[in-house]
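The whole structure should be built from the sequences, with the hints applied where relevant.
Top line first, the protein sequences correspond to chains A and B.
All letters in the first sequence, in the order written, are residues 107 to 300 by my numbering.
All letters in the second sequence, in the order written, are residues 107 to 300 by my numbering.
Simulated from the structure, these hints should not be mistaken for lab results.
Each hint should be verified, as a subset may be incorrect.
All copies of an identical chain are treated as equivalent in the list; a pair is satisfied when it fits inside any one copy or across any two copies.
[Stated by the list, open to error] Simulated crosslink set (EDC-like; lysine to aspartate or glutamate; CA at most 16 Å straight-line): (1) 269 - 228; (2) 269 - 201; (3) 174 - 198; (4) 269 - 220.
Owing to the predicted nature of the structure, the values given are computational and were not obtained by experimental measurement.
There are 2 protein chains.
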Amino acid sequence: MTDNDARKSKSRRTREAIFIAARRRFAAHGYDGASVRDIAADAGIDPALVIRYFGSKDALFAEASDFKLDLPPLDSKMRGRAGEYMVQNFLDIWEGPDAGGAFTVLLRSAASNEAAAAKLREVFATQVIPSVAALAGTEGAQQRAGLITSHMLGLAMSRYILKLPPVVSMPPEMIVTHVGRAIQIYLDTPSDRL
Amino acid sequence: MTDNDARKSKSRRTREAIFIAARRRFAAHGYDGASVRDIAADAGIDPALVIRYFGSKDALFAEASDFKLDLPPLDSKMRGRAGEYMVQNFLDIWEGPDAGGAFTVLLRSAASNEAAAAKLREVFATQVIPSVAALAGTEGAQQRAGLITSHMLGLAMSRYILKLPPVVSMPPEMIVTHVGRAIQIYLDTPSDRL
Chain A
107 MTDNDARKSK SRRTREAIFI AARRRFAAHG YDGASVRDIA ADAGIDPALV
157 IRYFGSKDAL FAEASDFKLD LPPLDSKMRG RAGEYMVQNF LDIWEGPDAG
207 GAFTVLLRSA ASNEAAAAKL REVFATQVIP SVAALAGTEG AQQRAGLITS
257 HMLGLAMSRY ILKLPPVVSM PPEMIVTHVG RAIQIYLDTP SDRL
Chain B
107 MTDNDARKSK SRRTREAIFI AARRRFAAHG YDGASVRDIA ADAGIDPALV
157 IRYFGSKDAL FAEASDFKLD LPPLDSKMRG RAGEYMVQNF LDIWEGPDAG
207 GAFTVLLRSA ASNEAAAAKL REVFATQVIP SVAALAGTEG AQQRAGLITS
257 HMLGLAMSRY ILKLPPVVSM PPEMIVTHVG RAIQIYLDTP SDRL
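So this is what it looks like as structure tokens:
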């Protein structure tokens, strides 16, 4: 390894350490509650380096909250169980090793930070609506996606952010069954009734 | 009116002006985004008076976010439409003259402020669960209330806080019909299936 390679590799590691620390801090405390100083301390570096690597707190937040829904396409046989499938997928993201990742970052800050709210609106428009349209047709996709999201966001708020005791203690399969049924109804409602 | 009465009345008006300014600021910007200085400026008084009247920013927030669900009891004939009724009531609060009032204050801050989250958990335990128990029996009331809340909170987030376009533009009666049906299913699910 040349000196140049070693420098590049160290630089990559520093950037990665800042990114991980930022995502944890933003996820736990929201945009306003996470300072550049705290993020730098968690990453074991000088606060000036955070700015040198990412430009600004805003730019670091934008990167830490960059979010891909990544819903795999459903084949036609699964359509009748798409509601359950969507809820299971959602729980897997939140309860996976990354604990919601960028989605937690966004939801924690979206109510009090306009940049986070704008990003969630963008995810909704460019990822949620097209997924719902692929499942249930383009007609009424906006309304369906709106109804579905108004349940899923509240589920995430209740279980992971506010931690309402009965929602926290509900087994995942119970949530998949009940919330999945409500989502399925939203997918199946004829478009002339939306 | 004696001098003493006049002083008391002026003092009441100042307190009220601070309270109204605080509620607006907290509702629009969340706990962290609303400073005592801004609240005082809106109320047209010196910041020191905010502390003299309320003790601290925390105490002022607690008072501005004090929340009563105030769901009138349903008679037995209405039970089959309780879901629609609950959603209508919820929309009336948010779209009424007080624009959600203390509830907006709470929801705006709950994701990034532990005191607001704790208050929402308390409202859930002391007001939502008993209302649901009165409608659908005590058995399974916790789970039912959890499922219902996980939809209603997300509806408020989508429509009033994040302002997702299709949820914002949905007419109230459409929301009452669709979300009301989902809530009704949660009320009607037999407790041995919860």
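Quick rundown of the hints versus the structure:
Only between protomers do residue 269 and residue 228 lie at most 16 Å apart by alpha-carbon distance; the minimum there is 11 Å, versus 26 Å within a single protomer. Within a single copy, residue 269 and residue 201 get their C-alpha atoms as close as 14 Å, which meets the 16 Å cut-off; across copies the closest is 27 Å, which misses it. In the homo-oligomer, the alpha carbons of residue 174 and residue 198 lie at most 16 Å apart inside one protomer (14 Å), although the nearest pairing across protomers, at 35 Å, exceeds that limit. Proximity of residue 269 and residue 220 under a CA criterion of 16 Å is satisfied inter-copy only: 11 Å between copies versus 24 Å inside one chain copy.
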